[in-house]
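Novice: Here are the chains, one letter per residue:
Protein chains: 2
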Amino acid sequence: MAEETTRGSVERKRVVIIGAGFAGIHAAFHLAKLPLDISLIDRRNHHTFQPLLYQVALAMLSPADIAQPIRSMLSDYPNIEVLMDEVVAFHVDEQRVELKTGAQLEYDYLIVATGSTHSYFGHDEWAKLAPGLKTIEDATEIRRRVLLAFELAERKMQETGKHPQLNFVIIGGGPTGVELAGAISDIAKLYMMKNFRHIDPSRAQVLILEGSPHILGMYPEDLQAKAGQQLNALGVTLRTNAHVSDVQPGYVMVGDERIDAVVTLWAAGVQASPLGKLLGFETDRRGSVFVDEHLNPPGHPEIFICGDLAHVEQDGKQIPGVAQPAMQMGTYAAKRIARLVASELGSDGTGKNQPFRYFDKGDMATIGRKAAVAKIEWPFKGHWSGFPAWMTWLVVHIFFLIGFRNRLSVFRQWAWTYLTFKDSARLITGSQELPGWDNGEEQATPVAAGQLDLNSPKT
Amino acid sequence: MAEETTRGSVERKRVVIIGAGFAGIHAAFHLAKLPLDISLIDRRNHHTFQPLLYQVALAMLSPADIAQPIRSMLSDYPNIEVLMDEVVAFHVDEQRVELKTGAQLEYDYLIVATGSTHSYFGHDEWAKLAPGLKTIEDATEIRRRVLLAFELAERKMQETGKHPQLNFVIIGGGPTGVELAGAISDIAKLYMMKNFRHIDPSRAQVLILEGSPHILGMYPEDLQAKAGQQLNALGVTLRTNAHVSDVQPGYVMVGDERIDAVVTLWAAGVQASPLGKLLGFETDRRGSVFVDEHLNPPGHPEIFICGDLAHVEQDGKQIPGVAQPAMQMGTYAAKRIARLVASELGSDGTGKNQPFRYFDKGDMATIGRKAAVAKIEWPFKGHWSGFPAWMTWLVVHIFFLIGFRNRLSVFRQWAWTYLTFKDSARLITGSQELPGWDNGEEQATPVAAGQLDLNSPKT
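Chains A and B, in that order, are what the protein sequence lines are. When you line the first sequence up against the numbering used here, it's residues -7 to 451, in that order. When you line the second sequence up against the numbering used here, it's residues -7 to 451, in that order.
To be clear, the hints were calculated from the coordinates, so they are not data collected in a lab. Mixed in with the good hints there might be a few duds.
Same chains, same label: a pair holds when it works inside one copy or across any pair of copies.
As the list claims (entries may be wrong) - Pairs of lysine-lysine residues, derived as DSSO-like cross-links and limited to a Cα-Cα distance of at most 30 Å, are as follows:
hint, residue 1, residue 2
1, K353, K186
2, K92, K120
3, K309, K5
4, K362, K269
5, K186, K327
6, K309, K186
7, K126, K181
8, K327, K269
9, K186, K25
10, K5, K186
11, K353, K373
12, K181, K92
13, K92, K186
14, K92, K154
15, K269, K92
Bear in mind the structure is a predicted one, so any value in this text is a computation, not a measurement.
Please work from the sequences and hints to get the whole structure.
Specialist: What follows is the structure in structure tokens.
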């Protein structure tokens, strides 16, 4: 227990932040200028700008465009130490966390913001067959599969004159599912246009399987309808009330119906990080911790649960697990810690203090390269769709990217891709196997030969 | 045998190019505008600008900065088809190659340019312990190991007050070894300066083990000496005549001497791609094919071997396996094919034609961020070192990068990193294990605790 005191003067309060997502990193930035000793723990060495992960997955951006080393982001603050490690136990009564490597970190204040991960509804064996999109590794794995499908089809076509239909099946019609679908459709129809000689990439089909009656459940009905129209315009097929009963190499089952899939992606369920349960407080079904209006679990005014890991209700609805509330919760926790340290509040958290309130500026999801839906709440209320919504999305996402360099880089890449239809992040790295491809050939519907003449390109 | 004729009119000559490295891609560009049907086969979907791979390995550039999808590069030429596949057999008498997937490709002319790979001198078990640097995957694996070593040391130091000495051992003192050593030293001493709170990254040690009496064997003696001085100035230790007898997790043996290593990198031997032997012609010890002055193997004027895979001697010396001769060979083969097709030469290759001659413009290797050695042969002769050589290296490498977009991007990244000491490609992806780390702790020399006060940062 003495090891961890290789640190600053003892009078200074110690804050431990677990997780360097939106909540954790915003808390760290706000606490950095105060006379506190801060430890930020994350399993990864980088912060990921998750709203743009799907663009890495579809080869429009490179990993380094949307991920930054946590150390670099915080290098100007000597009172913050970053540890690439994992928490294995919380000892909340002793105000101490235990790390995987055995280190013990004592704290005066603790912020836990480890977000969420995929939920396969008890079918963890589906994870390898239908990757989800939470990390840079997930994104490059999806990129590998989608690009490889076109390569393997070209190879088969060249060799045998037919290839399995390029069906991309996305399970889940939330924002991630919709964004992935739009982007795959764009890749197939626009960016790959002149790249293949044997197959016609634009004949690829994208299918969204949504279990509920509506896609984009958190959006109002008019925008759900607009999104549906825009997806249809891109050629994306939409099936609602479609409950996936099985995921196998090369196909997906919806009830008794078999749906061929060269690539299956998972955008359906999320569950809170396992640290929620590890904390020992009451959690909801997803594993998020019930917190009070100060983001504290019951009886622990020194512990703050932020972001996806917190179950917070406001006006009768649960606050959604997206970037904005996470940033706001991280900032709120940091400000409250500052007031506790400055003794503006009682040590038990009593005293005049605003409860946390989510200030909802709205939500947006893109649909391909020219359309989006936006439910705008601030600075005015409105439902936008199509190109104006897409432009708004673009500006907002560049603005919120952390770091001037990344903003420049992403803007330049988008402008380049938009104007030239070329993108250069289309690298396939890693294995060249696709689950279900070998048996997919006989099982999937073959596409007719379509004898192509190299002298008259399809374009 | 009929399957492969899903292509253009039969009168057009068919060229098959194996390998999309410098030789293959230059041949393809030169042949693209002629009335030929061209198939370009590569195992990967991207061309890699190998001279800058070490910058990806040391997190200065992103993979997409130096790698481009082959399809995109050639998308404007409908007479070129790109196949992501592997050759499993050559049937040179029938003028046909067999691909892994079973496809058969007939050709009138064949260019084989599959380059080289690492040689572990019969110790293939060292490959996992000491990765070499030939592909994007190699580069991100080296990046992972080097960055992870600092993270694990910080973690150990925070926990126990000591950590294994950060020894980076590079086996091989050729250009790649020297460039890796300089870049690791830069990372440790400059770019990571303000990033750690417990360890002092600048105390990392970089060691080059070179088996021969001199580093940079292909350079003249004065530049070898200059390179040695510049490496010493960066704190890199150099051991020549050091024959590595074993590579183990956490250490390397030189004779009976044990040298601790948190990360070991391989920059020693290369061998030609196995396709050299598969062709069936006589090869040298490295596996490169002996070719005549037209780059043809004996008796096959329709086959061209280019780049690293060709054993070509000029003025009594073998042409080195670097980018320049590969580009020139690819271009030469393409031009000769054009003349054969145009019947300017006899079908057996006889007739007036220049033999291949390597036009050596010189060689360069960087040593960190400010120095280099350059043996310049054209447009004037000279031996340069230090900053002027480094500036020359910079200009030449940006110029030779294929694609305007990549040039811009690399230039911007370098300028940014050079001016700000920040780089943002420092992502650790994949596993968080390092071979030999767990036992390295007790075995390697621990660094003294050096109780650090977070209030007075080291900078």
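Novice: Taking the hints in turn, state whether each one holds.
Specialist: Cross-check of the supplied hints:
Neither within a single protomer nor between protomers do K353 and K186 lie at most 30 Å apart by alpha-carbon distance, with minima of 41 Å and 36 Å respectively. Taking identical chains as interchangeable, the C-alpha atoms of K92 and K120 lie at most 30 Å apart whether they share a chain (26 Å) or sit on different chains (25 Å). For the homomeric pair K309 and K5, neither the shortest alpha-carbon distance inside one copy (35 Å) nor that between copies (69 Å) is at most 30 Å. For the homomeric pair K362 and K269, neither the shortest alpha-carbon distance inside one copy (42 Å) nor that between copies (52 Å) is at most 30 Å.
Taking identical chains as interchangeable, the C-alpha atoms of K186 and K327 lie at most 30 Å apart only when they sit on different chains, with a minimum of 26 Å there against 54 Å within one chain. In this assembly of identical chains, K309 and K186 lie within 30 Å of each other by CA distance neither inside one copy nor across copies; the values are 48 Å within and 44 Å between. Only within a single protomer do K126 and K181 lie at most 30 Å apart by alpha-carbon distance; the minimum there is 26 Å, versus 33 Å between protomers. For the homomeric pair K327 and K269, the shortest alpha-carbon distance inside one copy (26 Å) is at most 30 Å, but the shortest distance between copies (68 Å) is not.
Taking the shortest alpha-carbon separations for K186 and K25, only the inter-copy value of 16 Å comes in at or below 30 Å, while the best intra-copy value is 53 Å. Proximity of K5 to K186 under the C-alpha cut-off of 30 Å is restricted to the inter-copy arrangement: shortest distance 22 Å between copies versus 61 Å within a copy. For a Cα distance limit of 30 Å, the shortest separation of K353 from K373 inside one copy, 9 Å, qualifies, whereas the shortest one across copies, 65 Å, does not. With identical chains, the CA atoms of K181 and K92 are at most 30 Å apart between copies only, with a shortest distance of 29 Å across copies and 47 Å within one.
Proximity of K92 and K186 under a CA criterion of 30 Å is satisfied inter-copy only: 25 Å between copies versus 50 Å inside one chain copy. Proximity of K92 and K154 under a CA criterion of 30 Å is satisfied inter-copy only: 17 Å between copies versus 51 Å inside one chain copy. Taking identical chains as interchangeable, the C-alpha atoms of K269 and K92 lie at most 30 Å apart only when both belong to the same chain, with a minimum of 17 Å there against 49 Å between chains.
Taken one by one, the earlier hints fail for this structure at numbers 1, 3, 4, 6, listed in ascending order.
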